[in-house]
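A.B. asks: This is what each chain is made of:
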Amino acid sequence: AQKVTQAQTEISVVEKEDVTLDCVYETRDTTYYLFWYKQPPSGELVFLIRRNSFDEQNEISGRYSWNFQKSTSSFNFTITASQVVDSAVYFCALSERNAGNMLTFGGGTRLMVKP
Amino acid sequence: DTEVTQTPKHLVMGMTNKKSLKCEQHMGHRAMYWYKQKAKKPPELMFVYSYEKLSINESVPSRFSPECPNSSLLNLHLHALQPEDSALYLCASSSRQGVSYEQYFGPGTRLTVT
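If you read the protein sequences in the order shown, they are chains A and B.
Sequential numbering from 1 applies to the first sequence in my numbering.
Sequential numbering from 1 applies to the second sequence in my numbering.
Hints are computed from structural coordinates only; laboratory data are not their basis.
Warning: the hint list may mix true and false statements.
[What the hints assert, rightly or not] If you want the footprint, here are the derived chain B segments under chain A, 3+ residues with CB under 8 Å:
no.	segment
1	38 to 46
2	88 to 100
3	103 to 111
[Stated by the list, open to error] Cβ-to-Cβ under 8 Å is the rule here; a few derived chain A residues that face chain B:
no.	residue
4	THR31
5	ARG50
6	VAL84
7	SER95
8	GLU96
[Claimed, not checked] Mimicking DSS-like on lysine-lysine, the simulated pairs with C-alpha atoms at most 30 Å apart in a straight line are:
no.	chain 1	residue 1	chain 2	residue 2
9	A	LYS38	B	LYS38
10	B	LYS9	B	LYS40
11	A	LYS114	B	LYS38
12	B	LYS41	A	LYS38
13	B	LYS18	B	LYS41
14	B	LYS41	A	LYS16
15	B	LYS18	A	LYS114
16	B	LYS18	A	LYS3
17	A	LYS114	B	LYS40
18	B	LYS53	A	LYS38
19	A	LYS38	B	LYS40
20	A	LYS70	B	LYS41
Here the structure is a predicted model, which means the values were calculated and not measured.
Glycine residues also receive a C-beta, built at the ideal position from the N, C-alpha and C atoms.
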């Protein structure tokens, strides 16, 4: 069974639109961490956020916001007023204590922001 | 400075060649990682070094040989590769190896095996 599911493989929006990238995870661990990474066409994965399983507070950083809901095992990512520079592949990832602490990535969502 | 550097940026090699990929970080991180990423797929973990010792080897073929000469450097030696090994090879580092530590990635080496 896939541990991290990003159901949206590709999303296309027009600049200034808001967009939400979905992430659903599966774990039996009580201690785990969730991450979001951005991979622009240049190839480098850029760390965006880390959230631990004990902290369900939502977070906002500029135009980015994250909604963590343990009840639905989801960790969704919203970009407000999208820009062309947001075009990239976004990966959600899970790190579990009982799985060797390694990152398990979702399949990624390719976001295309058109001018 | 959250920078991981990788050289070369691109590499084309024949199946009989021997080459090496290099990764460097100066953040004082004690865990370093090699990932392989095929097109339109997420990264797949290959190796983990923790305090310069090989911690995890995800059943990678022996034609890939990692080396960690010191806490800042990580190499991946390549020998007798196959065309299916063509991929983006990403290096990453984290403060420590552990569930809570975020990994910082380099820009990758795009490898083509002919």
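A.B. asks: Are the hints correct? Go through all of them and say.
C.D. replies: How the hints compare with the structure:
1. Only residues whose beta carbon comes within less than 8 Å of a beta carbon in chain A count, and the segment 38 to 46 of chain B has 5; three or more means the coverage holds.
2. Only residues whose C-beta sits within less than 8 Å of a C-beta in chain A count toward coverage, and the segment 88 to 100 of chain B has 7 of them, enough to reach three; the restraint holds.
3. With a threshold of 8 Å between beta carbons, the proposed coverage of the segment 103 to 111 of chain B by chain A holds, since 7 of its residues qualify and at least three are required.
4. With a least beta-carbon distance of about 7 Å to chain B, the hint placing A/THR31 at the interface is held under the 8 Å criterion.
5. For A/ARG50, the suggested interface contact is upheld, since its CB lies about 5 Å from the closest CB of chain B, less than 8 Å.
6. Hint status for A/VAL84: violated, given a least beta-carbon distance of 21 Å to chain B, over 8 Å.
7. Using the Cβ-Cβ criterion of 8 Å, the hint placing A/SER95 at the interface with chain B is satisfied: the shortest such distance is roughly 5 Å.
8. Below 8 Å, beta-carbon pairs count as interface contacts, and A/GLU96 has one with chain B at about 7 Å; its hint therefore holds.
9. For the hint linking A/LYS38 to B/LYS38, the alpha-carbon distance of about 16 Å falls within 30 Å, and the restraint holds.
10. Between B/LYS9 and B/LYS40, the direct Cα distance comes to roughly 19 Å. Compliance with the 30 Å bound is thereby established for this hinted pair.
11. A distance of roughly 26 Å separates the Cα atoms of A/LYS114 and B/LYS38; the hinted pair therefore holds under the 30 Å criterion.
12. Using a Cα cut-off of 30 Å, the hinted pair B/LYS41 and A/LYS38 holds, with the two alpha carbons roughly 14 Å apart.
13. Taken as a hint, the B/LYS18 and B/LYS41 pair is honoured in the structure, with Cα atoms around 26 Å apart against an allowance of 30 Å.
14. Using a Cα cut-off of 30 Å, the hinted pair B/LYS41 and A/LYS16 holds, with the two alpha carbons roughly 28 Å apart.
15. A C-alpha spacing of about 43 Å is found between B/LYS18 and A/LYS114, which places the hinted pair above 30 Å, so the restraint is violated.
16. A distance of roughly 36 Å separates the Cα atoms of B/LYS18 and A/LYS3; the hinted pair therefore is violated under the 30 Å criterion.
17. Between A/LYS114 and B/LYS40 the CA atoms are separated by roughly 20 Å; this keeps the pair inside 30 Å, and the hint holds.
18. Restraint check for B/LYS53 and A/LYS38: the C-alpha separation of about 29 Å stays at or below 30 Å, so the hint holds.
19. Simply put, A/LYS38 and B/LYS40 have alpha-carbon atoms about 14 Å apart, close enough for the 30 Å limit, and the pair holds.
20. Among the hinted pairs, A/LYS70 with B/LYS41 is consistent with the structure: their alpha-carbon atoms are about 26 Å apart, no more than 30 Å.
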